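Asker: Each chain, letter by letter, is given below.
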Amino acid sequence: MENMNMIFCGLGGQGILFMTKIFARAALEKGLHTLGAETHGMAQRGGSVVSHLKLGPAASSLVREQTARFLLALEENEAYRNLPFLAPGGTIYVNAEKDAFPRKEVSPYMKKQGITYHAFPAQKAAMALKNPMSTNLALMGFFAAYENEPFTHDELRETIISVSPERFRENNLKVFDAGFEFQP
Amino acid sequence: MKQEIFLGNGAIALGLMEAGCQVMTSYPGTPSSEILPEVIRLVKSENLNTYVEWSTNEKVALDNAFAAAISGKRAACCMKQVGLNVAADTLMSAVYMGTVGGLVIISCDDPGPHSSQTEQDTRFMARLAKIPILDPATPEEARKMVGLAMELSEEFRIPFILRPAIRVCHARQDLAWDKLTNNPKKASFEKDPGRWAATPRFRFILHGELNKKLAAIGERFSDLSNINYHNLEEGKRYPLGIIASGVPFAAIQDILTDEKRDHIPLLKLGAPYPLPKRLTDEFMKACDKVLVLEETDTLIEYLLGDNQKVFGRISGHVPSEGELLPQVIFDCLNKILVEMKLEPFAHKGNTEINELVQNLGLPIRKPTLCPGCPHRASFFTIRKGRPKAIFTSDIGCYTLGLNLGAVDTVLDMGAAITMASGFYHAYKQDGVDQPVVATIGDSTFYHSGTAGLLNAVYNDARFILVVLDNLITAMTGMQPTPGIGIRADGSKGKAIPLERVIKGCGIDFIKEVDPYDTKAMGALMKEATQYVASPDGGIAVIIARHPCIIAYRGEAVPERIPVEITDDCNECNLCLDRFECPALYHDDTLGRASVNQALCVQCGVCLQVCPQGAIVRNAE
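Chains as they are written, first to last, in my numbering: chain H, 5 to 188; chain E, 322 to 941.
Keep in mind that the hints were calculated from the coordinates and are not lab data. Being a predicted model, the structure only gives us computed values, none of them experimental.
Only pairs whose alpha carbons sit at most 30 Å apart, straight line, appear in this in silico DSSO-like list of lysine-lysine:
| hint | chain 1 | residue 1 | chain 2 | residue 2 |
| --- | --- | --- | --- | --- |
| 1 | H | K25 | E | K687 |
| 2 | E | K656 | H | K115 |
| 3 | E | K365 | E | K815 |
| 4 | H | K108 | E | K687 |
Let the sequences and hints guide you as you build the complete structure.
Answerer: Structure follows, in structure tokens:
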């Protein structure tokens, strides 16, 4: 496989590091090299948070603009903020109402670049299961439904089982499954 | 062999344990904070006997590690780059004295800056102190370099610095690793006053020794072909070459591969100081022009000393502030390719979408104190109690008291207190009694509070000092403090209560309050104000003690108080501007403030805030 780059973004406290970890672990299980960059420190207190993940033989942990295959956004505005990272033909998975995304200002650019998107109210889904802090898992489940290479649904789910601390495991899976089963 | 994903700081910890590091000291600071906890994780899982401590500050940490190293053991000390300023006194002297066992100082830089006061470049500190330095590009390389630094430190009897930048510290990479074993070396300090207690006359001799060591190390660095190397072809001349060090090396490597420009020669300087001159001379001779990519300053450019040939910060081709992100490097190189009439990159980068995003008017996300944070309650009361005061503050989460208008200055660790006395005297000289309220966190107080407080008491300054005691070092990731008496590995240490230290500094007014009770704290502010103003008074210290909402989730909110906002709200916005809880927002459709129940932790403090009484306890 060529290098595959991903961007995860949202707000501090939404569990972006956990989401990145799941994807990195799932890739490692498949024998892929993983290299990623995270935000720690002051920005974690509610600021914009972005994680980079590279699968394959890369040297730098940072994704260059216009080279990411996937953008997973836990918050709509952060999806726009990180749009420059997406490569032509890339895909956005975003926590947003289907009709609300994308804003008309960016549509022509996305169309021109062949950038596609899938919007899903992940926070709402997590809230409905009384897990407001699990928007990340809902969006991961939603992503898994599209069977994007190299991640299969089963592998992501298995990774969540192995990485989640015991006391959160059941709830994490419940939210992940709800995202997976969502009918757009 | 196990394959595991390590944080860059974990990779450094792994390298330290592989190198048989026996003593490890640190003070937390982003981006270095996870190195020590990762060492502890390995010590526990691999049953090692490495001694580990959170020291009270970086100078203390380095002194401790230095003593271990000159007793023959392998030691390491880690900190963030501005922490090295605190340890600078030790650094400058230790390198003259040299070492016996290996001593590696890990100073983590923060180009950006993401979580620091400055973008200072540790490599210049190394040059100032005359300490050799290694500059890794990836977690894997940081792991290898820390072992190499330990070996070379022992061989040349001189401390080494490893300088990982934030993109190494907080990168994640999969690494293969194997069983770790204990280093059997025993402590055995050999007395040698001419070295370990050298007077200036001997220091002159030691300085001469140091210079000889550096010359020998520079030679060795030219031969370290796994970290200092180039890909020149023998006898070939090149119009343009690139010299890169640290994280920018990884970025340029990917760019040259992705853009199929492998014909541009690249010199990697993983060990930039002392400069491997043989290697750099070879490279400079073969290239007509050379682009230097390094973070965050101009060390290599200065050491090369060739203004005619070099593209870099001095020539204006590389930005002098901020991170050298891959896109920034791509743009720098492309500009030079155009300027030199060499073939530029096919696509010109990404200006269209960047402009588009700029113009979307996306919300600026400033960091804020967490919902339920006790500091918020403190700042609210402090500002209400002394609205005209100058608010000096310090380094930690509570810097974010800025958002509540209760922080005016943040200089460095401990400066809340020293600047409070400085402001007081500057005004007092004019006959003005300017109120000053200083705020400092518990960990920062233990780090650098006492010297300033002793000074302020001794010189009769008058101000209110509020120690924001949340029983943890929160901003850097929840490290324990001397106040709670739990040590780095979770074992029991001796707790040293703040009250005892503060009393020892000569303070007579010390009162504790739970800041969640804003009324009680308000009353205390009044009492403190009177004490400060009274002729027999002095500095009043209030200890605002309440556990951190993140570290002590259960205990921090003893009673869950659900809240809602009624139509009595007259949109005065006091709760939004002066209390600034992320769980409160202005609801445009309702025409009043509202509660985001997903974020609210039900601390109930906001009930005490609304002048209209519109924030009420939710009956449900």
